[in-house]
Amino acid sequence: MAWYYGWRPYVPVAQRRRQAMQKMEALRKKGVDVQPVQIEGRKIATTFWGAAWCEHLEAFSDFENRLPRGRTYVRNGSVCHLAVSQGKIEARVSGSELYKVEVTIKTLPAKKWKAIKQRCAGQIGSLLDLLAGRLSEGVMEVVTDRQNGLFPLPGEMSFQCSCPDWAHMCKHVAAVLYGVGSRLDTRPELLFLLRGVNHEELIAADAEEALAAATTRGTSKRLAKADLGEVFGIDLDAGDESSANGTAAAATPRPRRATKTTAKPVAKKTKKKPARRTNARHSK
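Residues in the sequence shown are numbered from 1 upward in steps of one, following the numbering used here.
Simulated from the structure, these hints should not be mistaken for laboratory data. Think of the CB as a built atom: it goes at the ideal place given N, C-alpha and C, for glycine as much as any other residue. One should not assume that every hint holds.
To be verified - Okay, derived cross-link-like pairs now, PhoX-like style, lysine-lysine, Cα gap no bigger than 20 Å in a straight line: (1) Lys117 / Lys106; (2) Lys30 / Lys100; (3) Lys29 / Lys117; (4) Lys23 / Lys106; (5) Lys88 / Lys106; (6) Lys88 / Lys100.
To be verified - Using C-beta positions, here's what the derived DEER-type ranges look like: (7) Gln147 / Val34: 20 to 30 Å; (8) Ser158 / Gln38: 32 to 42 Å; (9) Lys111 / Gln160: 27 to 37 Å.
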């Protein structure tokens with residue numbers, strides 16, 4: 001009777017998987033770059049970015065009723081294809097049929113992205129550290145902030161699935177969202193692509209912060225040297241050339257440089273010796 005109310009008869013998982021593989025192979029032959037989600041073990045995501053994505057989804061009560069079924073689907077390999085692009089996730093999920101799922105996500109507002117860059121400036125070591133999730137606690141709090149971080153809010157996402165379930169989020173959509181978490185384990189840069197921002201700008205902001213700090217320190221040192229000379233009433237060598245070569249300039253008062261002439265008495269003593277020998281010969 002369920003069939004007459006829009007629900008298809010139950011199909012065993014093994015049979016569904018065979019049918020899905022046949023259809024995906026047909027798509028592959030047509031030139032589609034098929035990217036299945038494959039999970040080993042029970043954990044859907046194991047890295048910082050993947051786990052943070054999943055935790056973000058589970059923090060919203062709007063999704064809690066459908067997420068458990070989605071976890072089951074993604075774990076048993078039902079997400080046969082998942083592709084991420086700017087503002088969009090396209091997928092194929094195996095159910096009673098092979099369903100087409102599309103998730104649209106708004107790109108990150110420019111104002112919010114600017115605030116994230118400013119708050120993270122000076123705290124990220126390298127691009128490799130960023131993508132590997134090797135971040136300070138301060139940066140982690142910024143990027144994972146529920147309201148102002150990188151992850152989308154429920155109101156910024158819209159879902160479409162070709163299945164007959166009329167729920168806002170069906171189990172196939174939930175499986176796809178968990179599939180994104182798994183995909184971020186190996187390709188964390190996809191999160192930035194999805195939100196329409198360039199992750200390298202975080203590193204650029206970090207470098208600008210470091211340069212500004214270095215410039216400020218250099219200016220302070222120059223001012224300190226000028227103040228010191230003014231206090232003691234002497235001219236200090238700026239040492240511009242030696243500073244450029246990485247050596248410190250000596251701060252020596254100029255009037256004392258004439259003390260090198262003290263070596264003359266030594267020269268007079270050495271001239272008297274040959275004169276004594278001459279006198280000795282005449283006495284003989």
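Evaluated hints:
{"no.": "1", "hint": "Lys117 / Lys106", "verdict": "holds, 19 Å"}
{"no.": "2", "hint": "Lys30 / Lys100", "verdict": "holds, 17 Å"}
{"no.": "3", "hint": "Lys29 / Lys117", "verdict": "violated, 43 Å"}
{"no.": "4", "hint": "Lys23 / Lys106", "verdict": "violated, 30 Å"}
{"no.": "5", "hint": "Lys88 / Lys106", "verdict": "holds, 8 Å"}
{"no.": "6", "hint": "Lys88 / Lys100", "verdict": "holds, 13 Å"}
{"no.": "7", "hint": "Gln147 / Val34: 20 to 30 Å", "verdict": "violated, 36 Å"}
{"no.": "8", "hint": "Ser158 / Gln38: 32 to 42 Å", "verdict": "violated, 27 Å"}
{"no.": "9", "hint": "Lys111 / Gln160: 27 to 37 Å", "verdict": "holds, 28 Å"}
Checked against the numbered hints listed earlier, the structure breaks hints 3, 4, 7, 8; every other hint is satisfied.
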